[in-house]
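**Student:** Spelled out, the chains give:
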Amino acid sequence: MTTERAVLPEDVTADDMMTVAAARMLTDGTACFVGIGLPSMAANLARRTHAPNLVLIYESGTIGAKPAVLPLSIGDGELAETADTVVSVPEVFNYWLQPGRIDVGFLGAAQIDRHANINTTIIGGDYAHPRVRLPGAGGAPEIAASCGEVVVIVRQSLRAFVERVEFVTSVGFGDGPGDRERLGLRGRGPVKVITDLGVLEPDPETCELILTHVHPGVDPDRARAATGWQLRVAADLHVTSPPTAPELRALRLLVPAKGS
Amino acid sequence: MTTERAVLPEDVTADDMMTVAAARMLTDGTACFVGIGLPSMAANLARRTHAPNLVLIYESGTIGAKPAVLPLSIGDGELAETADTVVSVPEVFNYWLQPGRIDVGFLGAAQIDRHANINTTIIGGDYAHPRVRLPGAGGAPEIAASCGEVVVIVRQSLRAFVERVEFVTSVGFGDGPGDRERLGLRGRGPVKVITDLGVLEPDPETCELILTHVHPGVDPDRARAATGWQLRVAADLHVTSPPTAPELRALRLLVPAKGS
Amino acid sequence: MAPIVSLDQALAEVVHDGDSVALEGFTHLIPFAAAHELIRQRRRDLTLIRLTPDLVCDQLIGAGCVRKLVFSWGGNPGVGSLHRFRDAVEHGHPHPLEIDEHSHAGMANRYVAGASGLPFGVLRGYSGTDLVGHTDTIRPITCPFTGERLTAVAALRPDVAVVHAQRADRAGNVQLWGILGVQKEAILASARAVVTVEEIVDELEPRPGAIVIPAWVVTCVAEVPGGARPSYAHGYYDRDNEGYRAWDAISRERAAFAAWLEDEVFGRDGAAA
Amino acid sequence: MAPIVSLDQALAEVVHDGDSVALEGFTHLIPFAAAHELIRQRRRDLTLIRLTPDLVCDQLIGAGCVRKLVFSWGGNPGVGSLHRFRDAVEHGHPHPLEIDEHSHAGMANRYVAGASGLPFGVLRGYSGTDLVGHTDTIRPITCPFTGERLTAVAALRPDVAVVHAQRADRAGNVQLWGILGVQKEAILASARAVVTVEEIVDELEPRPGAIVIPAWVVTCVAEVPGGARPSYAHGYYDRDNEGYRAWDAISRERAAFAAWLEDEVFGRDGAAA
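Chains as they are written, first to last, in our numbering: chain A, 3 to 262; chain B, 3 to 262; chain C, 738 to 1010; chain D, 738 to 1010.
Certain hints may be false.
Every beta carbon over 10 Å from chain D, so not counted as near; a handful from chain B, in silico [to be verified]:
(1) 218
(2) 219
(3) 248
In silico negatives: residues of chain D with every beta carbon more than 12 Å from chain C [said to hold, decoys possible]:
(4) 749
(5) 853
(6) 973
(7) 987
Partial pick of chain B residues on the chain C-facing surface, computed with a CB cut under 10 Å [as the list claims (entries may be wrong)]:
(8) 29
(9) 33
(10) 52
(11) 55
(12) 66
(13) 84
(14) 86
(15) 93
(16) 97
(17) 98
(18) 99
(19) 103
(20) 131
(21) 132
(22) 162
(23) 188
FYI, nobody ran anything at the bench for these hints, they're computed from the structure.
Values in this document were obtained by computation on a predicted structure and should not be read as measured data.
Beta carbons are placed, not taken as given, at the ideal position from N, Cα and C, and that holds for glycine.
Work out the full structure: start from the sequences and follow the hints.
**Tutor:** Structure follows, in C-alpha cells:
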C-alpha cells in the first residue's frame, strides 16, 4: 500500500488536481460526450494536453467542437463555430449517442451513491414537494446508459456521497451486479469517479465504489469521512501523480487561478 | 347531359388534353407531392399557368422546387437548385408527408381498379414468379395514405383499368366505403382519375369510380370500352373544356410537340 | 405566405390563455422578446414546453403566466439554479407549478413524434430511473421483431411554437443557422407557429449550416432585432454570459424580480420591440 | 482518421462475399464506380440494399453479384424497366433473386432505426397494401398511449455502406450537398462504410446545404473523380440523362449487356479509377 504523503504544490488547488486527474482519463482519438461545468473543463484540458484528437460532443449537437475558450453553456456559439458538424438535438441523441458510438460520457452529479447512481433532480422532501429542486436530467440518463463507459466528476462530501440517492436520475449500477444488463443499459457504466480527494472505482464483484486513488496529501480517512457509506479502500491504494508543468500551464490558460 | 361533340384542335393530342386537365386540378398556393412522369409534367404545367405559387414537393426531399426544365427523375439537380429547402429522404416522408401537411398527392399507375386501388408491382403470374415485374411502390403507398387528397393520372385501357388490381401497391378505397377509415388512412384518397379520355371520380355512396367528364371528341362508349369493369357514366356527364391558348403555349414550352 | 406582423400583434393573435406553448432554442436563439410580450399581455395558465427552461421560463413562471412546465433541464447554464422556478416548485409561489419531467432525449423524441404525425416515439431511455414513476408520458414498448423492451414517449403536439431565427424573407420563409436545437421539430409538431427574426430580407441568400422553414408551415413572422438577448443569435450577437450571471441575483428575491419585471418588461413596449 | 486508399483496395478490404451492402444515393451521387469495382472483384451472394435500385443494381444483378435485393422502387427513372432486374425476377437469370420489398418511407425508417441503434422504426404505412404479406420485416404495432394501430419496420443494419460524396479532407471527413437522400443514415446504420469522393481537399470549406460525416464513422475513403456517372455530383457534373436512356437498349438483351460488361467494367482498371 503506497502511502508516501506527497503534497500538492502551493499553487495547485484540490479542484485543479481533480480536473487534471479527470482529464487524464480521456484517451486520444476517442469520442467523448461532455457535460457542462467540471466535465467540460476536464475534457478541454485533455484536448490541450495528451489528447489533441479527442472528439468532443455536446448535447447541443456540436460534434467535434474545438473551443478556444471554455464555454459557459453547452450551447455557446464557440462550439458551433469550431465543430466538425452541427446536428439537431434529436439527431445527436438518436444517431450519435443512443447507438453506443461514443466512447466516454463525462458527467457531473449533485448526489452519487454507493452503486454510482446519480441524482440531479431533488434533495429533501418528496418529488411533489422537494426541499431543493435541482435542474433535473438533461442528457445525463441516456449518456449514462449508452456511452461505452462513464466518468463522473464530483467534489467529495457527505452531502454528495450518499448510501442511496434520493432520486435516481441517471443509473450507475442500480442495486448492484447484473442490474445494468437487466435494465438493458448497453454501456459499461461508471468506471471512475473523480473527486477533489481521489478516485473511486466500482468493485468488479459488488459494483460498489471503492477508493483506489488519493490525491497527493490526502489521507484516506479524509475520503472516508466525506463519504456517506462505509467507504472501502483498495488494497493497493495509489496516490495520484501531481499535475505536470505542461498540465498546469494548459489548465491556467483554460481557467486562470482565482484572483489572477 | 351535355354531349355536344366538341373536338380537339389538330395539334392537341389526347395526352396533351390529359396533362392540361390534370394541371387544372391543382389549386394555387397549395402543396403538392409530385410523382415522376405525367404527374410531374402536369404539376409543372399548373405552376406555369394558373398556380404560380403551387408548392412542389418531390420524394427526393426537394421542397418548393421550381424547375425551369422538366426533370427526368425525381432527383434531378435542377430540383435541388430551385427548391426552398432540401431535406433528407427520411425527413420528407416523416416530417412532411406523414402528418398530412401536403394537400394533394399526384400519382401515376400501371393498373387501377374500380375502387381506385393502384398496382405498380406485378402483372401476371404470382408475386414470386410474375409475368411482368414492375418497379414497385416507391413513395406511392404513403402518398396515397397521407396526402389530403390524391389525383391519379393514367392512360385509359383495358390493361390498366381492371375490376380488381392484381396487387394492391397503394390503397384507393380498398373494397369500398369505410375501408380507408378502417385501415387508418387519414387522407381523403383519390378524388379524381385523369385519363386520356376523360375524368373519373369516386361515387360518394359506393367509392366506385364513375365517368364524370369526357374530353372533347370522346364518346363515353370509348371510355366504357377501355375500362375492365362496368363503367358507370355520371348523369350530368361534362365535356372537358379544351386547352386554352396560354395552357397550350406553356405545355409546348414544357414538352415540345412530337417531331418538333 | 406567412404574414409579417408586429411582435405584440403576432402573440395577441396566436397565443391564448391556457394554450400549450413550445418555446424553443437550445441555448442559442431563445425567444426572450416574445416571452416578454407574453408577460406584457398577461397570458395565464400556459403549459410551457421547453427542453431547457432557463431564464426565459424563470421569467414567465415568476410573472405568473405558467400553470404547467414540460421540460428536461431547468437551470441557469454554468451559473446555478432558476430561483423563480424553484420558488414555484418548492413554495408554490406565485402559484403551484405542475411539471411533466423528461430527459433531453425523451423530449427530443416527443417533438420528433409530434412533427411526424405519430402518437409516440421510441428510444433507449429512462430504464431504471425514477423519472418513469412521475409521468404518464413514458411507457414500455416491445419490439415486434426482437421482443426487446424499449421505452415509448408520448408525442408533443403544442398549440403554438414560439421560436426566434436569424432571418425571414418577405414571404415568411425562415432561415436559421448555428446550433439548430429542436426548433424545426417544435414548429412542425405545433398547430400554430410564431417566429421572431433578427431581420426581414428580400432574399434568403444561402448560408452554410442554415436550414429553411418554408412559410407555409409558419403562422406569422415578426421582425425583432435582438429578440434573443441575453441568449445569442449566431452571426448577429454573442451570448451575454454576464447577463446570465447577473440573473442569479435578480431572481433570488421576489422583490428584486418584481422590480426587474416592472422596469424591463412592463416598462417596455412590444409594438416598438 | 479514415485512411485514404485506392478504390480497389477500399472495396477488397471492406466488402466480402455474402455481405449485406447498402448502396445509396437518391438519384444523386450514386456510387457507380464502386459498384463496378465490386463486379470486377467478382463479389458473390451480396444482399444489396437500396431504395431505388436503378442502373447500378441492374448491373450488379446482371453480373451475378447479388443473391438478395432489399428495395422500394426498381426502375430506370423516367425511362422504364430495369431489364437485368426483371430477367432475374421473371426468369431467374443469371440466377434467382430473392427480394425484400418495401416503400420508400418504410426503407427510410428502416435506415433511421438502424442508425439510431433501435431494432425497429414506426410509421403510418403499408396499411391495406399487399406488400405486408410478402415480407416478415413489416409488422403491426400498437401505441401504448392511444391504442392506435401503426406499422413497425425492422431496422436495417448492413455490413457495409457504400456511398459517393463530393469531397473529403485528408483526415477522411466527408462533405456532401445537394439531394441528401439517405446516405448519412446508411453510413450510420452499417458496421463499415466506404466513401468514394470527387476530390480530396486540404480543407472542407463550408457550403450551403452541405452535411459533414465525421471521419471516425467512416472506414475508408477513395478519391474517384466521376465516380457517380451516369448519375451526377451536384457542383461537379450533371446527370447523364442520355446515358440513362441508352441503358434501356444495352440492358434489354443478355448478349448486349455481357458485351457492355466486358468493355465498360472488366475492360477498366479500378486502381486507375
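**Student:** Does each hint hold? Answer for all of them.
**Tutor:** Here is what the structure says about each hint:
1. 218: holds (29 Å)
2. 219: Check passes; 29 Å lies beyond 10 Å.
3. 248: Nearest chain D Cβ is 26 Å from residue 248 of chain B, so the label holds.
4. 749: holds (33 Å)
5. 853: Nearest chain C Cβ is 8 Å from residue 853 of chain D, so the label is violated.
6. 973: Since the minimum Cβ distance to chain C is about 18 Å, residue 973 of chain D lies beyond 12 Å and the statement holds.
7. 987: Answer for residue 987 of chain D: holds, closest chain C Cβ roughly 38 Å.
8. 29: Hint on residue 29 of chain B: violated, closest Cβ of chain C at ~13 Å, above 10 Å.
9. 33: Hint holds; residue 33 of chain B Cβ to chain C Cβ min 6 Å, cut 10 Å.
10. 52: With a minimum Cβ separation of about 17 Å from chain C (threshold 10 Å), the hint on residue 52 of chain B is violated.
11. 55: holds (7 Å)
12. 66: holds (6 Å)
13. 84: Check failed: Cβ of residue 84 of chain B comes no nearer than 12 Å to chain C, outside 10 Å.
14. 86: holds (5 Å)
15. 93: holds (9 Å)
16. 97: For residue 97 of chain B, the interface hint holds, since the closest Cβ of chain C sits about 5 Å away, which is under 10 Å.
17. 98: holds (8 Å)
18. 99: Holds: closest Cβ of chain C sits about 9 Å from residue 99 of chain B, inside 10 Å.
19. 103: Holds, because the Cβ-Cβ distance from residue 103 of chain B to chain C comes to roughly 7 Å (cut-off 10 Å).
20. 131: Check failed: Cβ of residue 131 of chain B comes no nearer than 28 Å to chain C, outside 10 Å.
21. 132: Result: violated, 27 Å to nearest chain C Cβ.
22. 162: Since chain C brings no Cβ nearer than about 32 Å to residue 162 of chain B, farther than 10 Å, the hint is violated.
23. 188: holds (8 Å)
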